[in-house]
Amino acid sequence: GENVEQHPSTLSVQEGDSAVIKCTYSDSASNYFPWYKQELGKRPQLIIDIRSNVGEKKDQRIAVTLNKTAKHFSLHITETQPEDSAVYFCAASESGGYNKLIFGAGTRLAVHP
Amino acid sequence: EAGVTQFPSHSVIEKGQTVTLRCDPISGHDNLYWYRRVMGKEIKFLLHFVKESKQDESGMPNNRFLAERTGGTYSTLKVQPAELEDSGVYFCASSQVAGVQDTQYFGPGTRLTVL
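Going down the list, the protein sequences come from chains A and B.
Just so it is clear: in the first sequence, position 62 is 62 by our numbering, and no numbers are missing.
Just so it is clear: in the second sequence, position 53 is 1053 by our numbering, and no numbers are missing.
Source of the hints: derived by calculation from the structure; they are not laboratory data.
Each hint should be verified, as a subset may be incorrect.
Computed cross-link-like contacts, SDA-like style, restricted to lysine to any residue with a CA-CA straight-line distance of at most 20 Å [to be verified]:
{"no.": "1", "chain 1": "B", "residue 1": "Lys-1044", "chain 2": "A", "residue 2": "Thr-24"}
{"no.": "2", "chain 1": "A", "residue 1": "Lys-57", "chain 2": "A", "residue 2": "Lys-42"}
{"no.": "3", "chain 1": "B", "residue 1": "Lys-1044", "chain 2": "B", "residue 2": "Ser-1058"}
{"no.": "4", "chain 1": "A", "residue 1": "Lys-42", "chain 2": "B", "residue 2": "Pro-1108"}
{"no.": "5", "chain 1": "A", "residue 1": "Lys-42", "chain 2": "B", "residue 2": "Val-1100"}
{"no.": "6", "chain 1": "B", "residue 1": "Lys-1044", "chain 2": "A", "residue 2": "His-7"}
{"no.": "7", "chain 1": "B", "residue 1": "Lys-1041", "chain 2": "B", "residue 2": "Val-1089"}
{"no.": "8", "chain 1": "B", "residue 1": "Lys-1044", "chain 2": "B", "residue 2": "Lys-1054"}
{"no.": "9", "chain 1": "B", "residue 1": "Lys-1078", "chain 2": "B", "residue 2": "Gln-1055"}
{"no.": "10", "chain 1": "B", "residue 1": "Lys-1041", "chain 2": "A", "residue 2": "Ala-105"}
{"no.": "11", "chain 1": "B", "residue 1": "Lys-1041", "chain 2": "A", "residue 2": "Leu-11"}
{"no.": "12", "chain 1": "A", "residue 1": "Lys-68", "chain 2": "A", "residue 2": "Val-20"}
{"no.": "13", "chain 1": "A", "residue 1": "Lys-68", "chain 2": "B", "residue 2": "Val-1089"}
Work the whole structure out from these sequences, hints included.
Given below as structure tokens:
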């Protein structure tokens, strides 16, 4: 089955810096890769997703890149702000499944003013 | 639009007791998923309903866990009898269209502590 590895587990940056979180997956047939943000005490919320037919997607300060050959995808946050502090989860859809998502272990991002 | 709701938000029980978690998906969503996050690890898939039918229950840990979705609306997840290793946060998620890889909207989770 699908396996997703996520790095780093913790990330500390200064406000205004960029943050990059990387994930690798094992199933080359996976075709959907969402990223969720979970603030303390709140529900995981989708912040951006990418499908296997594109290599990059941007939404304001957030971008995701996908390298299907290497089976990895990354989240890029530019001009970080304190409100970006949260746990970020990457996920990959399991091929042959029915929308089942396989998640990484999460990255705790701390943005310091 | 109301989001996915879960009840209770917290539950503390003793080993051997029974607990039932409830999830109300977004109205009209055919797909309902249960996930669990144990001790700061990854969010792990438990099972998936399409309407009232179990589509995939490959992630259910053992037969102490029973999920239902009668009528294709809300779902319950019962743990009986609970063990220490069942502690964690149980998330429910829903998505709209069956058979399509669509956005999954998560509930706030139920934090279960088994003592």
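A quick look at each hint next to the structure:
no.: 1; hint: Lys-1044/B to Thr-24/A; in the structure: 17 Å, holds
no.: 2; hint: Lys-57/A to Lys-42/A; in the structure: 25 Å, violated
no.: 3; hint: Lys-1044/B to Ser-1058/B; in the structure: 11 Å, holds
no.: 4; hint: Lys-42/A to Pro-1108/B; in the structure: 6 Å, holds
no.: 5; hint: Lys-42/A to Val-1100/B; in the structure: 27 Å, violated
no.: 6; hint: Lys-1044/B to His-7/A; in the structure: 17 Å, holds
no.: 7; hint: Lys-1041/B to Val-1089/B; in the structure: 11 Å, holds
no.: 8; hint: Lys-1044/B to Lys-1054/B; in the structure: 17 Å, holds
no.: 9; hint: Lys-1078/B to Gln-1055/B; in the structure: 18 Å, holds
no.: 10; hint: Lys-1041/B to Ala-105/A; in the structure: 5 Å, holds
no.: 11; hint: Lys-1041/B to Leu-11/A; in the structure: 16 Å, holds
no.: 12; hint: Lys-68/A to Val-20/A; in the structure: 18 Å, holds
no.: 13; hint: Lys-68/A to Val-1089/B; in the structure: 32 Å, violated
Checked against the numbered hints above, the structure breaks hints 2, 5 and 13 and satisfies the rest.
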